[in-house]
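Residue numbers (the numbering used here), protein chains in the order written: chain A, 1 to 310; chain B, 1 to 226.
Calculated directly from the structure, the hints in this document are not laboratory data. Treat the hints with caution; some may be incorrect.
Here are the simulated distance ranges between beta carbons [claimed, not checked]:
1. Gly32(A) to Ile168(B): 29 to 39 Å
2. Ile113(B) to Glu78(A): 30 to 40 Å
3. Lys305(A) to Gly221(B): 49 to 59 Å
4. Lys305(A) to Ile215(B): 50 to 60 Å
Straight line, CA to CA, 27 Å or less: simulated BS3-like cross-link-like pairs of lysine-lysine [stated by the list, open to error]:
5. Lys142(A) to Lys272(A)
6. Lys67(A) to Lys81(A)
7. Lys170(A) to Lys87(B)
8. Lys169(A) to Lys87(B)
9. Lys269(A) to Lys142(A)
10. Lys27(A) to Lys139(B)
11. Lys81(A) to Lys272(A)
12. Lys139(B) to Lys305(A)
13. Lys206(A) to Lys170(A)
14. Lys72(A) to Lys110(A)
15. Lys31(A) to Lys309(A)
16. Lys303(A) to Lys139(B)
17. Lys139(B) to Lys306(A)
18. Lys33(A) to Lys305(A)
19. Lys67(A) to Lys269(A)
20. Lys269(A) to Lys27(A)
21. Lys31(A) to Lys139(B)
22. Lys27(A) to Lys306(A)
23. Lys206(A) to Lys169(A)
24. Lys169(A) to Lys191(A)
25. Lys303(A) to Lys33(A)
26. Lys61(A) to Lys272(A)
27. Lys269(A) to Lys57(A)
28. Lys87(B) to Lys54(B)
29. Lys139(B) to Lys309(A)
30. Lys31(A) to Lys303(A)
31. Lys33(A) to Lys139(B)
Covered by chain B, per the in silico footprint, the following chain A stretches (three or more residues, Cβ under 8 Å) [unchecked claim]:
32. 40-51
33. 91-98
34. 169-180
35. 229-236
36. 286-292
Note that CB positions come from ideal geometry on N, CA and C, so glycine has one too.
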Amino acid sequence: MLLLTFSDIGLIVTLVIIAAGLGLILKLALKGKEIDRRIIFIFIFFSVASPIIFQIKFSEKATAVVKSIYDKIDNLPEGSKILISFDFDPAMAPEVQPMAIVLGRHALIKGHEVVFMSLWTTGQSLLTEIINEYILPDFPEKQEFIDYVTLGFKAGNEGVLKVIATDFKKMFPVDNNGRPLDSIPIFDGVKSCSDFDLVISIGGGKPGPKEWILFVTDPSNIPMAVGVAAVIAPQMYPYYPAQVLGIMGGVKGAAEYESEFIGNYERFKDMKTPGLLTMGPQTLAHTVIMAFIIIGNIIYFRKRKKEAKS
Amino acid sequence: MRRNIPLAVTFVVGMLLIVSVFLPPIETIGEDFGVFFSIIAVFAFFLGGGNLIKVHFGKIMKKSNDWEFSLVTVVGFFAMLIIGLFKIGAPGDISTSVTAEGSYFQEMFVYLINPLQSTMYALLAFFVASASYRAFRAKNREATILLVAAFIILLGRTPLGMMLTGWIPESFSIFQVPNLAVWIMNSPNLAGQRAIMIGISLGVVAMSLRLILGIERTYLGGDDKG
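If we strip away everything but chain A, and leave its shape as in the complex, we get (with noise of 0.2 Å):
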């Protein structure tokens, strides 16, 4: 027997709405008239709010340069030193965001000891808020300064960086809440970036994994992975795989990283993915500009075909 889902409903309900309202503008198209944006914007309405209305989800497979860092995280022994920036802002974290919390989660139940900072002065909120609400409640067990430690938001940009690569203490003597950093455990035997094993820098703009790979894990042979948004992936390309071992682009790579740690751990696979649950509307959009963008061209036709016969 043929069990639809409440998503598979959504799904048919949505892509027949769409393709009916489609098949009617084509028509249209065919005379050679142009299309109104604002019947634009209706669709890309309906096709970003139906997937989260529905939520609809689509299947992925983690690509070389999204498992990479992957099997990075999942292969460095047990106690080892992760590094995480939090380079971005509200705009961009609806995509980095959920990078964020499934590399949290991968890092702290392989036993790693995780740092967290951020040279955005909007991503100390974000810290506190990813960390809290959405990484923390998964490990009870873990203990802060001994499995993890947030250092929060440091003004200077690269001059921050530029610090770090040799003496982390001389620009952070104390965490987030004021607790000088010699006394907390995970600093023990820490004097640089060099002394991580990893780290990983989320963001997309300035300053931000560009930066970081510039000013610190480049010049000291550090292993680095990167997460942005869609549009720097392009930029982060030349870097790769010799400065940075993955790069995790758009929502697409973090549901590319979800589907893999869901896929390994158990424990996890009911676990909440707002990657894989944003790539519904990112699909249906894509599809619908890609359908827009074919509209587009039958116009620009038949108009210069009108055009060459007056």
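Got chain A sorted already, so can you dock chain B onto it with the hints?
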């Protein structure tokens, strides 16, 4: 004098930082300057805040166009500033983190700033769709190449790409849309990006030298005459 001192400071600091890279005894000087830079960056926040108040307060006083928005800006600025400075609602004493759970600063960030900024950015989706419809038209050879590349990337960034071309045998897997998208990123995009990066880097070196040697003086403001 007003110009010579900044020029001398720029020259000395610039030369010191360059020399420190090559001379091990003074290589830590770069770190010290990094700390100075961080301290100066904090003062930039004061300047920024002061400037914001000056501009918007002036608009409110003069009742210029849309002065109501300026009022919202000023009220929002002071509300966040006071709540953050006095750590209202935060558990513990004044040394507690401003973003500690329960602090009104964090609540305002989560429930006001976060959705507002996300909404502004999300609006881009509508304009990108409308612009794509108008811009990606096969008007000539170059536009057609751009159109095809955009199409492959759009398709490759969704599971649809694999659904449509997953049947292609493994020996020809390069023609599967997701792999084509990766090829575009890894080859033509990489070549273009590297060329741009090298060009920018050379430009930065040239501009830095002009600044250090005092040839470029526009950052001092006013005319170029010393």
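**OP:** For the pair supplied as a hint, Lys206(A) and Lys169(A), confirm whether the alpha-carbon distance does not exceed 27 Å.
**Re:** Satisfied, since the Cα-Cα distance of roughly 23 Å is no more than 27 Å.
Original post:
Within a Cα-Cα threshold of 27 Å, do Lys269(A) and Lys142(A) meet the stated pairing?
Top reply: Holds, at roughly 20 Å.
**OP:** For Gly32(A) and Ile168(B), compare the CB-CB distance with the range 29 to 39 Å and indicate the outcome.
**Re:** holds (36 Å)
Original post:
Is the Cα-Cα distance between Lys303(A) and Lys139(B) 27 Å or less?
Top reply: holds (12 Å)
Subject >> Pairwise hint evaluation, Lys33(A) against Lys303(A), where the allowed Cα distance is 27 Å at most >> reply: holds (9 Å)
Subject >> Lys206(A) paired with Lys170(A) [C-alpha distance capped at 27 Å] >> reply: holds (22 Å)
Original post:
Do the alpha carbons of Lys139(B) and Lys305(A) lie within 27 Å of each other, as the hint requires?
Top reply: holds (13 Å)
Original post:
Going straight from one Cα to the other, do Lys31(A) and Lys303(A) come out at no more than 27 Å?
Top reply: holds (9 Å)
Original post:
Does the structure keep Lys33(A) and Lys305(A) at a Cα separation of 27 Å or less?
Top reply: holds (13 Å)
**OP:** Go check the stretch 40-51 of chain A versus chain B for me, would you? Three or more residues, Cβ under 8 Å, otherwise it fails.
**Re:** Held - the stretch 40-51 of chain A has 6 residues with a Cβ nearer than 8 Å to chain B, which meets the minimum of three.
Original post:
Is the straight-line distance between the alpha-carbon of Lys269(A) and that of Lys27(A) 27 Å or less?
Top reply: Violated, because 45 Å separates the two Cα atoms, which is more than 27 Å.
**OP:** For the pair supplied as a hint, Lys87(B) and Lys54(B), confirm whether the alpha-carbon distance does not exceed 27 Å.
**Re:** Holds: Lys87(B) and Lys54(B) sit about 25 Å apart, inside 27 Å.
In summary, the structure is inconsistent with hint 20 from the numbered list given earlier, while agreeing with all the others.
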